[in-house]
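Trainee: These are the residues of each chain, in order.
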Amino acid sequence: MRITQNYSKEFEKIVEAYEKSGGEASKILDKRVASIIISGDKIIGLNSVDGVEIESGKMEKGVWAKIKILKGKKIEMPIHLCTGFLGKEGEQRVNFDFNVEEGANVKFISHCSFPWSKKLTHKMLATVRVGKNASMIYEDAHFHSESGGVTLISDTHATIEEGGRYKNSFELVKTRVGALKVKMDVDLKENATAELNSKVRGRKDDEISIVETLGLNGRNAHGIAKSTVIATDETRARIVNEAFGNAPYSKGHIECNEITKGNHVDVSTLPVLKVTNDLSELTHEASIGRVNSKQLNTLMAKGMSEEEATEFIIKGLLR
Amino acid sequence: MLELKKVGLSLEEKPILKNLNIKFDDGKRYVVLGNNGTGKSTIANLIMGVEKYKPQVGGVYLDGKDITSLGVYERANLGITIAFQESVRFEGITTFDYLTLGGKIKASYEDAKWALKSAGLNAEYLKRRIDDSLSGGERKRIELASMLMLKMRYVILDEPDSGIDMMSLDTISRIINILNSSGTTVITITHREEIAKNSDYAYLICSGTVLKEGAPADIASYYKRTCDNCGHPNEIIESVERL
Numbered sequence: 001m002r003i004t005q006n007y008s009k010e011f012e013k014i015v016e017a018y019e020k021s022g023g024e025a026s027k028i029l030d031k032r033v034a035s036i037i038i039s040g041d042k043i044i045g046l047n048s049v050d051g052v053e054i055e056s057g058k059m060e061k062g063v064w065a066k067i068k069i070l071k072g073k074k075i076e077m078p079i080h081l082c083t084g085f086l087g088k089e090g091e092q093r094v095n096f097d098f099n100v101e102e103g104a105n106v107k108f109i110s111h112c113s114f115p116w117s118k119k120l121t122h123k124m125l126a127t128v129r130v131g132k133n134a135s136m137i138y139e140d141a142h143f144h145s146e147s148g149g150v151t152l153i154s155d156t157h158a159t160i161e162e163g164g165r166y167k168n169s170f171e172l173v174k175t176r177v178g179a180l181k182v183k184m185d186v187d188l189k190e191n192a193t194a195e196l197n198s199k200v201r202g203r204k205d206d207e208i209s210i211v212e213t214l215g216l217n218g219r220n221a222h223g224i225a226k227s228t229v230i231a232t233d234e235t236r237a238r239i240v241n242e243a244f245g246n247a248p249y250s251k252g253h254i255e256c257n258e259i260t261k262g263n264h265v266d267v268s269t270l271p272v273l274k275v276t277n278d279l280s281e282l283t284h285e286a287s288i289g290r291v292n293s294k295q296l297n298t299l300m301a302k303g304m305s306e307e308e309a310t311e312f313i314i315k316g317l318l319r
Numbered sequence: 001m002l003e004l005k006k007v008g009l010s011l012e013e014k015p016i017l018k019n020l021n022i023k024f025d026d027g028k029r030y031v032v033l034g035n036n037g038t039g040k041s042t043i044a045n046l047i048m049g050v051e052k053y054k055p056q057v058g059g060v061y062l063d064g065k066d067i068t069s070l071g072v073y074e075r076a077n078l079g080i081t082i083a084f085q086e087s088v089r090f091e092g093i094t095t096f097d098y099l100t101l102g103g104k105i106k107a108s109y110e111d112a113k114w115a116l117k118s119a120g121l122n123a124e125y126l127k128r129r130i131d132d133s134l135s136g137g138e139r140k141r142i143e144l145a146s147m148l149m150l151k152m153r154y155v156i157l158d159e160p161d162s163g164i165d166m167m168s169l170d171t172i173s174r175i176i177n178i179l180n181s182s183g184t185t186v187i188t189i190t191h192r193e194e195i196a197k198n199s200d201y202a203y204l205i206c207s208g209t210v211l212k213e214g215a216p217a218d219i220a221s222y223y224k225r226t227c228d229n230c231g232h233p234n235e236i237i238e239s240v241e242r243l
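Protein sequences appear in the order of chains A and B. 1 is the number of the first residue of the first sequence in the numbering used here; add one for each residue after it. 1 is the number of the first residue of the second sequence in the numbering used here; add one for each residue after it.
In isolation and in its complexed conformation, chain A is listed as follows (with noise of 0.2 Å):
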């Protein structure tokens, strides 16, 4: 790891924000481990490691990063991106660029932590490239502020190649999401896969907007877009799920489950199903409402208050 002097202090801080949204310190200290930390608009520690190429620079308000798995490569330890925002208000953009190439192999673990931010706005703009036959998996958890003055931008364009596979999951459930704006659209071409599950927990005035979209271009494409958003207090969340069905043989299955709690949520969820081509198949589930009131009876039949039963449901379903 190698950490700019001037910024060893900061680094401290950004670690200790970084352990509160659950990540391990040690992992981003380890010389083994590729990783990326960044700290309001500037990079404050990077290390690669054999088979990654991490190319890095400023831009106004942030930072920009192109990350490239090699060919071929099969990144044992997951690559670490720490980014953390230690004022109390601002404007943070980061522009990450991945592309992992033919056959390689990798997962990054991200967490995004603002525990001390009043008003900021992160906008995270993302390309990603899943190359012929390769392997990506990228989670991303989120830890914000109490005040719910974080608004969190977030656009990301994925495109997987032939026999691609592509994971990606997004958290944002142990603190408040503030005002949240996630949009994802994947391209899968020939064989490709992919899987996105977000899961988010709305507290007091939240707002919540996710929009997936699973372009099935390529034959026998499949491709799943699962979300669970729990919406309690005054939370207003709108989510948009899509897939087209465009090639032979491709599969798509899109999923909503909104939990709402309390009177006065403000919750909607749009599925878009679109086949252009007769031999493509897309499925759909979606719920919103309280809990399951079976699951209910079940837990307080066994001495659960039904707070405590609402609260053991919400959190399985979160896991």
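No wet-lab data here; the hints were simulated from the structure.
Below, a list of computed lysine-lysine pairs in the PhoX-like style, where the Cα atoms sit at most 25 Å apart: (1) B/K127 <-> A/K315; (2) A/K294 <-> B/K104; (3) B/K113 <-> A/K315; (4) B/K104 <-> A/K315; (5) A/K174 <-> B/K104; (6) A/K261 <-> B/K104; (7) A/K261 <-> B/K52; (8) A/K315 <-> B/K106; (9) A/K251 <-> A/K167; (10) B/K54 <-> A/K294.
Model the placement of chain B on the given structure of chain A, informed by the hints.
Mentor: Then chain B, alone, in the frame of chain A:
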């Protein structure tokens, strides 16, 4: 003693239970027999206090005290529990978490392992999640194991044999006997007369009321002889299915 006195219950204006009188003494094994749709599961839900199953007439009494107005949680705190007929899925929750209610029940891994083994499942299941990856039969066994963990005064088993193969009748009997050996009153709701053999007292339900009661062997024999091909319960089945 747990008692249902002169209970009348209608669902969507259809009468389901009519002038029903049942008593459950402490420390005994009871079986409530009857064809599908005669109102047996309604009795189970009514004893547990499930919201839709409040009687319009009569009431539920525990040790002489009227508990009719109490909900499920309050009744559980009085020592009444149930393994519902349908064992629901709990996404993301492991069997161990479920059996210990996320730590609410202070029990060791060994306790949970023993309970599962008694229900016919091995310790590997403790780590598994109670979701689509388990069959209905497996979830049913986990539910039976949870009854052992709870240490309640009254345990209602609503159709414990549904979704489980015939070989598992031994498992059900074992669970009933373990519960009963520690003083728990077990009330088993079933339409299988074989289950009645492992009980101390039996009620036969027909069209929402007690048709006969007494020694399990006699009631089981009467049930087998008389209740097959009986057309009485159809109305009730239709009403319950609409819920």
